[in-house]
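Residues per chain are reported as follows:
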Amino acid sequence: MQFLQSVLLRLCTTLITLAGVAVIVFFVIRVVPGNPIAMMLPPGATEADVARLTALYGLDKSIPQQFLIWVSGVLQGDFGTSITTKQPVLQLVLSRLPATLELSVMALIIAVILGGFMALTGTRLRGSKTEAAIDVGNGMALSVPDFLWGLILILTFGVLIPIFHISGRVTPSLPLPFTTNFYLTESVLRLRFDLWLDIAAHMFMPALALAIPLAAIIGQLLKQSLKETMHLDYVTLARTKGYSETHVILREALPNAILPTLTLVGVQFTFLIGGTVIIERLFSYEGLGNMAIDAVINRDLPLIQGIVILFAVIFTGVNLLVDLTYAALNPRLRHA
Amino acid sequence: MSFLSIRNLSARLKGRPDQILRRVSLEVAAGEVRGLVGESGAGKSMIGKAILGTLPQSVEITGGQIILDGTDLLSLPTAQRRTLIGAKCALIPQDPLTALNPSRRIGPQITNRLVDILHWTRADAEKRARDLLAEVQIPDPERVMRSYPHELSGGMRQRILIASAFAAEPKLIIADEPTTALDVTVQKQILKLIAAMQARHGTALLFVTHDLGVVSKVCQSLSVLYAGYVLEDSTIPDFFHTPKHPYSRALLAATPKYTDPDGSLTPVSDAVIAATRAEVEAADRSAHV
Ligand SMILES: Nc1ncnc2c1ncn2[C@@H]1O[C@H](COP(=O)(O)OP(=O)(O)O)[C@@H](O)[C@H]1O
Ligand SMILES: [Mg+2]
Chain L
0 MQFLQSVLLR LCTTLITLAG VAVIVFFVIR VVPGNPIAMM LPPGATEADV
50 ARLTALYGLD KSIPQQFLIW VSGVLQGDFG TSITTKQPVL QLVLSRLPAT
100 LELSVMALII AVILGGFMAL TGTRLRGSKT EAAIDVGNGM ALSVPDFLWG
150 LILILTFGVL IPIFHISGRV TPSLPLPFTT NFYLTESVLR LRFDLWLDIA
200 AHMFMPALAL AIPLAAIIGQ LLKQSLKETM HLDYVTLART KGYSETHVIL
250 REALPNAILP TLTLVGVQFT FLIGGTVIIE RLFSYEGLGN MAIDAVINRD
300 LPLIQGIVIL FAVIFTGVNL LVDLTYAALN PRLRHA
Chain U
0 MSFLSIRNLS ARLKGRPDQI LRRVSLEVAA GEVRGLVGES GAGKSMIGKA
50 ILGTLPQSVE ITGGQIILDG TDLLSLPTAQ RRTLIGAKCA LIPQDPLTAL
100 NPSRRIGPQI TNRLVDILHW TRADAEKRAR DLLAEVQIPD PERVMRSYPH
150 ELSGGMRQRI LIASAFAAEP KLIIADEPTT ALDVTVQKQI LKLIAAMQAR
200 HGTALLFVTH DLGVVSKVCQ SLSVLYAGYV LEDSTIPDFF HTPKHPYSRA
250 LLAATPKYTD PDGSLTPVSD AVIAATRAEV EAADRSAHV
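Chains as they are written, first to last, in numbering that gives the first Met the number 0: chain L, 0 to 335; chain U, 0 to 288.
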């Protein structure tokens with residue numbers, strides 16, 4: 000009952016957040032100089048042409064008026080029309096969303112595997128040189144931001160030892176049988192592992208660049224929590240029962256040590272999604288982030304709005320999911 | 000040959016000269032209950048941890064042997080030592096509030112080792128857990144096995160830990176001040192329960208406490224520890240009638256009598272402590288030449 004209440008409360012605050020984001024974005028991008036109409040007309044267009052197009056996109060009205068029109072559209076599922084491509088914003092955005100989601104989730108999985116491995120190895124080999132090396136590695140991974148990792152990876156595995164693709168989402172010459180834009184997921188479902196391999200090889204470098212800093216954060220925090228947990232009495236008691244140290248770490252300590260990391264991963268995952276904007280650009284990956292940069296360059300106001308709203312929905316959704324998972328994993332909260 | 004035999008066990012903080020254990024020797028025969036007494040910080044818990052292989056990383060053993068059922072534990076590789084300890088020993092910990100895994104139900108906390116390590120069937124292990132919980136007088140064992148630790152009182156949890164300690168029929172149980180963290184009202188019941196369980200199962204027990212009154216009720220023999228040094232090793236009747244060491248005598252005078260709980264008490268005097276400390280240090284020096 001109480002649980003349901005808190006979920007409803009979270010949903011309400013989520014809606015308020017989204018409304019706030021909508022207002023801020025809408026007004027900010029209209030205050031910033033730059034005229035989308037002027038940018039889309041060929042040189043030599045007349046004043047009349049400009050006025051006609053401005054009216055067509057409703058940009059001649061006052062900003063509050065434009066806002067009301069836009070909001071009433073959004074509430075009916077109409078996010079307007081992109082100025083540059085003339086296509087419905089919703090359709091454009093949804094067509095790019097799967098690419099970004101797959102990239103982010105892949106990065107998250109890599110980060111969890113890498114970070115978890117670091118933390119567990121460091122805990123298992125407490126006090127050894129390996130633990131010290133892991134600490135140093137984590138520190139280095141943390142002090143370099145994701146886009147620099149992107150450049151480093153491009154130089155290393157794209158130029159020096161070219162074993163991974165560093166541009167695009169899939170080799171353009173390949174015929175794609177897909178009906179959705181979840182290429183990676185769909186290639187598995189269709190058992191087209193040849194395509195899966197090509198797509199994964201394209202995705203791996205940008206995903207790794209996004210993952211490295213998060214992996215370091217996970218590695219550090221989880222190792223710290225594990226270290227504290229390993230001193231607790233119930234862990235010691237498990238040791239006296241004849242379990243191996245590895246079992247003690249994985250089965251006794253980990254389930255309790257993982258909660259703080261889980262919360263942090265939720266927050267950091269939203270940062271990671273934010274990082275896709277630059278990383279997708281760097282790797283010419285056709286996702287939402289890349290589209291966002293184009294939209295900003297072209298002053299495509301409806302498209303920018305649509306993308307920002309979608310990002311905001313994803314961010315708040317991730318946070319909600321983390322809170323629910325946290326409650327589900329912690330018996331003390333579940334029963335409260 | 001005793002079931003557990005500790006010989007000249009020394010330990011210190013890594014890289015520091017301070018001794019935590021000084022050539023400790025003590026024996027626990029099969030089925031015997033031995034008390035291990037001493038003031039707080041004397042090193043009682045360290046002896047228990049040394050036997051069970053759970054010493055903190057900052058502590059290193061510098062000499063001696065811990066012979067469990069004929070095998071010197073310190074000569075075994077860690078994995079083998081753990082298996083041996085898991086099969087033959089168990090611990091009743093000091094603080095029942097922290098000794099149960101907060102995210103796991105009680106049932107698996109008792110049964111898992113039986114299934115994972117001793118390869119019992121899940122059903123057998125669960126029956127065993129139910130029987131033991133009933134034996135430690137827990138009402139409604141079924142419900143308790145489905146509970147999480149935070150849903151149970153401290154006394155209940157200590158009963159569960161006692162049941163769990165007996166689950167694999169160990170030959171030796173180490174009880175490290177098993178009642179100090181509990182309410183005074185529950186302490187006596189838990190003490191009685193441990194004594195009754197020990198008698199019924201015939202398990203040897205190393206009973207760590209700072210309370211001589213408890214020792215007189217539960218144990219057959221005792222070792223008195225001071226600053227990691229065994230001052231006296233006696234049977235209970237001998238100790239209470241003719242304590243050998245001045246520190247033991249002072250300790251007895253400082254303990255409320257079972258027969259006369261309101262009688263006058265004298266705290267251990269500074270003179271006795273100083274003399275004892277000097278003796279321990281002298282013994283240290285003579286051992287080093
Ligand atoms: N984790 C630890 N690291 C270093 N020294 C410790 C640690 N725990 C206890 N000690 C020291 O070891 C000595 C013995 O402690 P302990 O065996 O816990 O005493 P007690 O007889 O009260 O059980 C004490 O001097 C204590 O300060
Ligand atoms: Mg102690």
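Source of the hints: derived by calculation from the structure; they are not laboratory data.
Note that the coordinates shown come from a computational prediction; the quantities given were computed from them, not determined experimentally.
There's no promise every hint is true.
Claimed, not checked - Mimicking SDA-like on lysine to any residue, the simulated pairs with C-alpha atoms at most 20 Å apart in a straight line are:
1) U:Lys216 with U:Thr97
2) U:Lys13 with L:Leu124
3) L:Lys226 with U:Lys216
4) U:Lys48 with L:Glu244
Tested hints:
| no. | hint | result |
| --- | --- | --- |
| 1 | U:Lys216 with U:Thr97 | 27 Å, violated |
| 2 | U:Lys13 with L:Leu124 | 18 Å, holds |
| 3 | L:Lys226 with U:Lys216 | 40 Å, violated |
| 4 | U:Lys48 with L:Glu244 | 16 Å, holds |
When the structure is compared with the earlier hints, violations turn up for hints 1, 3 and for no others.
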